[in-house]
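Build the complex from these two chains, which are given one at a time in their own frames, with help from the hints.
Protein chains in written order, with numbering that gives the first Met the number 0: chain A, 0 to 418; chain B, 0 to 308.
Some clues are possibly wrong.
Now the in silico label distances, taken between C-beta atoms and shown as ranges [unchecked claim]:
| no. | chain 1 | residue 1 | chain 2 | residue 2 | range |
| --- | --- | --- | --- | --- | --- |
| 1 | B | Gly57 | A | Thr52 | 50 to 58 Å |
| 2 | A | Gly417 | B | Leu35 | 28 to 36 Å |
| 3 | A | Arg226 | B | Arg118 | 53 to 61 Å |
| 4 | A | Thr52 | B | Trp83 | 49 to 57 Å |
| 5 | A | Pro354 | B | Arg54 | 54 to 62 Å |
| 6 | B | Asp244 | A | Arg47 | 37 to 45 Å |
| 7 | B | Leu34 | A | Gly361 | 50 to 58 Å |
| 8 | A | Gly417 | B | Gly57 | 43 to 51 Å |
| 9 | B | Ala28 | A | Gly232 | 36 to 44 Å |
| 10 | A | Gly148 | B | Phe243 | 51 to 59 Å |
Rather than coming from a laboratory, the hints here were simulated on the basis of the structure.
By construction, the Cβ of each residue, glycine as well, lies at the ideal position given by its N, Cα and C atoms.
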Amino acid sequence: MRLLRALRICGLLAGLSSPAPAAEITISCGALGQELELCRDGAAAWARQTGHTVQTVSVPNSASERLALYQMMLAGGAARIDVYQIDVVWPGILASHFIDLKPYSQGAEAAHFPAIIENNTVEARLIAMPLYTDAGVLFYRRDLLEKHGRPVPATWGEMEETARVIQEAERAAGNGGLWGYVFQGRAYEGLTVNALEWVASSGGGTIVDEEGSITIDNPRAAGAIGRAAGWIGRITPEGALTYTEEEARGIFQSGNAVFMRNWPYAWALAEGPDSPVRGKVGITGLPHGTEGRQTGVLGGWNLGVSRYSRHPEAAAALVMHLTGAAEQKRRAVVAAYNPTRPALYEDEEVIAANPFFRALYGTFSNAVARPSRATGTRYNRASHAFWSRVHAVLSGQQQAAPALEALRHDLRRLSRRGW
Amino acid sequence: MAKDDLGLARVRVRAAWLFLAPTLAVLAAVAGWPLLRTVWFSFTDAELIELENYRFIGFANYLEYYEGEWLGLLADPQWWRAVWRTVWFAAVSVSIEAVLGMVVALALNARFPLRGLVRAAILIPWAIPTIVSARMWAWMLNDQFGVINHALLAIGAIDAPVAWMADPDLAMWAVVIVDVWKTTPFVALLILAALQMLPADCYEAARVDGIHPIRVFFRVTLPLIRPALVVALVFRALDALRVFDLIYVLTANASGTQSMSVYARQQLVDFQDVGYGSAASTLLFLVIALLTLSVVLLGRLRLEGESAR
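Just chain B, same shape as in the assembly (with noise of 0.2 Å):
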């Protein structure tokens, strides 16, 4: 009986990776292999202009001594100011989106006329193309024929037009705003789903029991709907941590507003040393995963400790 049950299994596993093998073997293809190879370029001169003609330099790309200074990307100012500006970006952009998104589902999530068609409506910022809407808030945004400037100048807020983007500061924060506005109806979306699952007794009996609804709010609806926010908030960092076309369109190639992919982008592609961008591309790839892991891995740690509880 229980050898049977052995067999069984076997039979089982054995199927489940037969299934499978389609999925891993494409996966390996169009993102195993190119991540390997752009580790392997790291470690090497490469240069687009003649792909096949390179040598293996080691560590070279990352961290150099050269004539008493050292050099590499490791050693880099302008790559770790990168770094750590994509990592302000991230974490400032999710934090707005993710109370403007809870209080848009929350408002979305109460029963008024036509709520079908300002649900639809909410979603279009999510809808247009980055491009699209970059260069749309980049007119809107022009220092001297910008309809903002124009706005502000006619309620009396400012007294001289701004030039958004000519100070790095506040380009990064003209970014923060273009992408919140893109993104806040995403994470919404995402929260409202989650509120339209709540189940309705809790509610009945808070309700009962006349708790203040502010008191309901933190007691009941947050801890009910935080799997549903932990996943949006996860996919939006890391979304914000690979942001490129919203600060390529709206400052180009300014080194005041570089995050980490404009930075490797630059080095592959304008400056064609595919060694040094493979190398940045491959840092890129690290920050991303060792945030990623240690986002889940506090995730866990939570959820667990509840659960012991």
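Only chain A is shown next, with the shape it has when bound in the complex (with noise of 0.2 Å):
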């Protein structure tokens, strides 16, 4: 304790002699791909320009295991982090733990999409700026679309259909392990993604509606999943029920599938340089219901200040800079990160490098959010009940509609003491 005090003290007198104090920041970055590299580099371009020093810490790649983590860190009030990377759906679980930025933003959110903002927002405090977002697209084998003389499919029937023919056809000439469809199917956040796009693309709602009451029971819901369940063997392979991301990814890029659904990420990496699919893919919204519209779910990831920063206003700063339009834009052009600007949308160079940035501006800004606004500090609960649900239903132990029936009643329960 007395040694504490003393550094504390050490520690102010050092900031008393220097002109302007300079903090350490640890800010927490994903480390897919090439997110951590984009994120030093940025943090010290901002060190070199304010004199501060910037530390970057590495957290687990799965987002579950890493809300976790956040949990315990934050729950226990540990000062040892100052920025925090969160997921689109965290806001409502994590606000009471991080601060209102709005004094800091200087009315910089109102350059981002409205939606991810009012998505940050909870109980009138912005409680994370946007980094990147992103939302769930189609990536489709030009190659043997065309070799076969099928359009792009623009209905999930369509969808269906096309990736049959074409997976039949293929392996009758001997390609005996191709696949029409892949997408994530493991029991977890990637599932409830993939099924409320299904839901929501034949209107079926989202789940819970905004006010709170809960929707899912419906016979378009349970059409769209009991759909979904009727691939499993015959065009996706059952192996997907245990896919996340990567494992899709993996399929679709050694060219054992048609069809895969993902977020853009897997752009930059199937048309790479040691990619055996490079040139051959191609990237569109995804299928919708025939009573439904076009739409993908809504991700993406935010920066927000813990409440238990010894530097907010430094911390602060730095989430300024990394959401602001240089840095989104060097992210775009660099490793095709969705900027959070629409204005960025128009920009040349981040066109140039992301084509389909332009084609799929509607599905990137009228992403359909899940429903963690509504259902608070239980969404995790919410959403792990409904992919559970959904999941029996892929792997046939349960038909769509009792599961949806059951789902209900697990949601009224979990509400019981409200959202």
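As structure tokens, this is what we get:
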């Protein structure tokens, strides 16, 4: 204790002796692909400008594990990390641990997609600034579609039909390992995303609506999930029930799938110099049901400042720098991370590096949000209930309609003391 | 004289308590206190997000009547499936390990060249951290790139790759296989230690009488090593009932393969529900305590029965 106090006094003295006190800011960045490198470079540039120092810490790749780690650190009031990179569905869960960024943003949030800013605003407090956005998109093998004379599918029915036709023809021609469609079917958050895309694009709602009422038990939702269950073993390998993004990409990128649902990050890798499908891949919006409209689920990551940070001002300044226009442009050009600023989708350099940004602008700006705002701190539990039931339907243990009825009960239990 | 003896005994008892006190204090601090706190939390609606702010809600985490249906842990089918699955897993994996461990121990007890080297080598699966071996097996069991599917396809045992982790029943068997692979060496080692302590004269007498080796095994070896075997199996059963890391790494949080520990962790960490998660932990503790007690009691009864005979 005495040592601590002594250290703190030393720190104070050191701070007094220099004109502008330099803070050491610690930021947690994702480490998927080029993320960590991008974050490090961006933070280092800010440190050079301001004289502060920045430490980066890497956290688990799995979003669920990352959330668990954050929750444990934040529940303990740890001051070790100042800036947290948080998922778009976490503001409701983590809001109480983050400071309001409005006093520091000076209106900068107006230049971002309003839907994301709204998502990050909890009880009138802006708890995180958007770093990049994501939406589910459909990857397809342009060469195979051309070879078999099929158009790019617009509905789930067309996608299923095209996948089946090409899979049969190619297998008959000796390409035995080819599958029609791969997606993320493991029992985890990614399945919630995939299944919500099937449901929302078929006019089946978003599980829980904005007022918090449970809407999932409806025939359109049951139809959409039942249709997906019919893919398993026919156009989708049974193993897809254990796939996350990377396993699905592994199948598609090694040339073993006609269609894949994934986030845009797979584009840069599928077009990479060592990719077997380089130059053969197309990217489009996800199909929709006969009664719904084309959509994808909103993903993406944001930066927030911990309430327990010792240097909230410096930390907020770092957040503003990393989410600023120049930094988002750099990230888009270098590594194809979707900016959250509409203006950057008009930028020539950004479009030259990522031609699909322009065509899919509608998908990115109108993505469907998971019901994380309505369900608040219980989002995690609601999502788990949803993906568990969907997983049971996909693996053939339950029919879609009774599963959704059971899900309604699950969700009612969860919300019995309020969401 | 008798009084002196009594005094001496009292001094000894006091000394014994004195020497035991530090251990008891440490045990109370690291095991007793957390356990009591967990039990206490199980009667509250505490959430990890604000741990100081909770209400006492009685048995509502365990059982609660709400709008015409029973809720709570005792009415949660998923919890009971997790309990049943864990007990099934413990019974199946420990049985297989007992048989295989015995075979391995008997083989290692025989004299052959390089015996020391083989004994060391067989311990390798036990020495690898569970997380590492679980990851390793996850890749080996991968449906598209896994070496196990590749080998089975090559020898023609299957004609299409098997998705080991996709079907919950198949996944539980995969978990059993990995657990057996990992912990058989432990059982084998304990049995081997017992085998090496056996008196040679029994075996010489049996050989002189020309008794068949299988009969010798069941009539001489097995009864003599039974205490060691029981200890090994109780250890393993307790371990297996707490199984967490293997399942967590191999099948993530899939509700079709959850064990009791995975369920409790999910409530505590993923869902931040300290109250409900503590209730699950408390029941987990009770289930294991009950099973252990019954095993110990059964063992004692049988031992007493034998000594009376």
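Verification of the hints:
1. The beta-carbon spacing between B/Gly57 and A/Thr52, approximately 52 Å, falls within the hinted interval of 50 to 58 Å.
2. Judged by the Cβ atoms, the range 28 to 36 Å given for A/Gly417 and B/Leu35 holds: they are separated by roughly 30 Å.
3. At roughly 57 Å, the beta carbons of A/Arg226 and B/Arg118 sit within the given window of 53 to 61 Å.
4. At about 54 Å, the beta-carbon gap between A/Thr52 and B/Trp83 stays in the expected band of 49 to 57 Å.
5. At roughly 57 Å, the beta carbons of A/Pro354 and B/Arg54 sit within the given window of 54 to 62 Å.
6. The hint said 37 to 45 Å for the Cβ distance between B/Asp244 and A/Arg47, and at roughly 43 Å that hint holds.
7. Between B/Leu34 and A/Gly361 the C-beta distance comes to about 56 Å, which sits within the given range of 50 to 58 Å.
8. Here the CB-CB span from A/Gly417 to B/Gly57 is close to 19 Å, at odds with the stated 43 to 51 Å.
9. In this structure, B/Ala28 and A/Gly232 break the distance hint of 36 to 44 Å, their C-beta atoms being roughly 55 Å apart.
10. Checked against the given bound of 51 to 59 Å, the beta carbons of A/Gly148 and B/Phe243, roughly 53 Å apart, stay inside it.
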